[in-house]
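*Asks:* Chains as they are written, first to last, in my numbering: chain A, 80 to 352; chain B, 424 to 751.
It should be emphasised that the hints constitute simulated quantities derived from the structure, not laboratory data. Accuracy of the hints is not assured; some may be wrong.
Within a straight-line C-alpha distance of at most 25 Å, the following computed PhoX-like cross-link-like pairs (lysine-lysine) qualify [unchecked claim]:
1. 553/B - 193/A
2. 632/B - 441/B
3. 193/A - 478/B
4. 275/A - 603/B
5. 193/A - 677/B
6. 193/A - 499/B
7. 276/A - 193/A
8. 562/B - 193/A
Which chain A residues stay away from chain B? Per the calculated CB distances, all over 12 Å, these [what the hints assert, rightly or not]:
9. 102
10. 114
11. 234
Ideal placement from N, C-alpha and C gives every residue a C-beta, glycine not left out.
Each chain is listed here by its residues.
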Amino acid sequence: MKLYDLNRILHVCMHEWRRVFVTGSGRLTLLTFFGAWVLLFHYPIRTAVDLIANSSDAAVIRSVLGDFGFKQLLQWPVAELSVFWFAAMLLLPFTCVLLSSDQFASDRQRGTIKFYLLRTRRSEFILGRFIGYASFFTMLLMGLVLITLIYSNWRDPELFQLGLYQGMNTFFFLVVWMLPFMALTNFLNVLMPTGKKVILVLMLMYIVLPFIDYIALAQWQINLQFSWLLPGLGIFSTMGEQGPELGNLIKPAWQSAIYLGLSLLLFRVRSLN
Amino acid sequence: MKSVIRLNQVNKSFGAHKVLDGVSFDIEAGEPVALVGANGAGKTTLFSIICGFLKADSGSVNVLGESVVSYRHLSKLSALIQDAEFDPDFSIARQLTLFAKLQGMSRKQAQMDVERVLELTGLKEYSRQKSHILSHGMKKRLSIAQSLLGSPQVILLDEPTAGLDPDYARQISNILVDIKELATLIISSHQLEQLQRICPRVMFLKEGKVKLSDNFANPDLSQVIDQNTGLVNDAQLHTLTLRCSDQLPGLINKIKALPVVESIIATQRHEFKIQYPAGQEPYQLELALLALFAQNHWHYEQLINGDTLENQWFSQNGTEGVKGVKGV
């Protein structure tokens, strides 16, 4: 008997894609997501790009932003991708958590999961769902990077080649940066009965873990480093000279592996009432 | 006969409450088995452990000769799970197709099989609908449909007719009668008459213990039960159950006076269990009873060949249990 049946993982994964493209709620989510980003591109991002790239006061603005720690970001060759990257680093984690908060919690609550588990291993189900969400989010990111490239090409066609390289870098960086958020929600889905509770617990983690770190350090001079468990921290340190620093992806890759591993382990022994 | 489900010393507790207490039994392929127990007796827990949804605290669970944790039973063991619902985002056919594909079928095979099970359960016209528009009875039928996908060797049915009106209950009973040749059915229900119609054997679950009876249409069983109650001697006896609509004065004495009657016990209001020795002329007692009723211008409601499951259930609750158990 095989340890994993890849076909079953693929079927579970593809079913999540169908949820997005075939069901009404999925299509609405997709439309809202891209609609919101098109608005972001059209107004704040385009305005920001105009300010730092084209306006008469560009040099002054670049110097002020540099003082705030955006110096490297302003050196990236394609301004649209720089602004998009920054906006994505701030906004996409929320979107990612919102979209992936209910990976299977409601299925567990409704009992639907039992229909799956008569036919798949628990680990195949977990992996199928995770890969389904991760691949869907990768597709969304690819769409956003393409839209950004179209915008930059529209402003300055000569930026195409540079944009392609920076765009690929940005895309790869964002995909790996977002993975631990999905792995963490996957793990919380094993424990929580609803997507809403997953979001609440995740918010609590961002409040409580740094607080514990702070107390331990201040009171007992122990550096617990619990914040290491929180994905998405330290955005500014990820900025490289020509694009996002790919060396910074080791931490999110580890976080993803740890949360997914915990998810698989815990779900294996969890009772389904 | 091949063993399809074997439990050995399975224990399960929820906190201080022990639900299953050293449960051991062996179910062989073929005849459907009824699982009977009071509310909260642990029927659903037992099914969940067999399906692998719950882990037993101790003991071993083997399905089709392999431990349940080995996952080798996937797609061979199927279940109607009480209160489990389909995903409201997808149509019935799409979800069933997914389940069929997870069982290893190609897309085309899956679509054909979905059509087959929907036809069998009378839901073909709803294939494009979402499950939330279905009535309670239709959802049960849908749950049965998913359990029939592929060719499962064992199907566990947890209260297939609970909460259904008589029409739907009958439809589901008919489906179960139709499919009982296809797989070994294990049915948990409080509808004892329905169970009696489908299952020749019964498992009683009480205070965490399971007792698997022999075939209860088998005349030996009545002897065994009565050994427990101490009401009759060791002679092999056959049973007739007589149901009347009214109180009939002198009925018991007149039946007792019939030549072949060994004993008569009032089991319920206007219901009597009549026992007679095996080896009599066929239908001798039945004919004598009918003649007695005709002679006295009495009416009877039902004359049942054998003991009823309902009476066995009450005899279980009043005594330690059924002997002749095939426990391991």
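*Asks:* Hinted pair, alpha-carbon criterion (25 Å max): residue 275/A, residue 603/B. Please report holds or violated.
*Replies:* Cα-Cα ~43 Å, so violated.
*Asks:* Is it true that the CA of residue 193/A sits at most 25 Å from the CA of residue 478/B?
*Replies:* holds, 14 Å
*Asks:* Does residue 276/A pair with residue 193/A here, judged by a C-alpha cut-off of 25 Å?
*Replies:* Satisfied, since the Cα-Cα distance of roughly 21 Å is no more than 25 Å.
*Asks:* Decide if the proposed pair is consistent with the structure: residue 193/A and residue 677/B, CA atoms, cutoff 25 Å inclusive.
*Replies:* violated, 57 Å
*Asks:* Can the restraint linking residue 553/B and residue 193/A be considered satisfied, given a maximum Cα separation of 25 Å?
*Replies:* holds, 18 Å
*Asks:* The output says residue 102/A does not contact chain B. Does that hold with a beta carbon cutoff of 12 Å?
*Replies:* violated, 5 Å
*Asks:* Just want to verify: residue 234/A was marked as not at the interface with chain B; is every Cβ pair farther apart than 12 Å?
*Replies:* holds, 40 Å
*Asks:* Taken at face value, is the distance from the CA of residue 441/B to the CA of residue 632/B at most 25 Å?
*Replies:* holds, 10 Å
*Asks:* Determine whether the non-interface label on residue 114/A survives the test: each CB of chain B must be over 12 Å from its CB.
*Replies:* holds, 21 Å
*Asks:* Are residue 562/B and residue 193/A close enough, with their CA atoms no more than 25 Å apart?
*Replies:* Holds - the C-alpha atoms of residue 193/A and residue 562/B are around 15 Å apart, at most 25 Å.
*Asks:* Are residue 193/A and residue 499/B close enough, with their CA atoms no more than 25 Å apart?
*Replies:* holds, 15 Å
In this structure, the hints that do not hold are numbers 4, 5, 9, in rising order.
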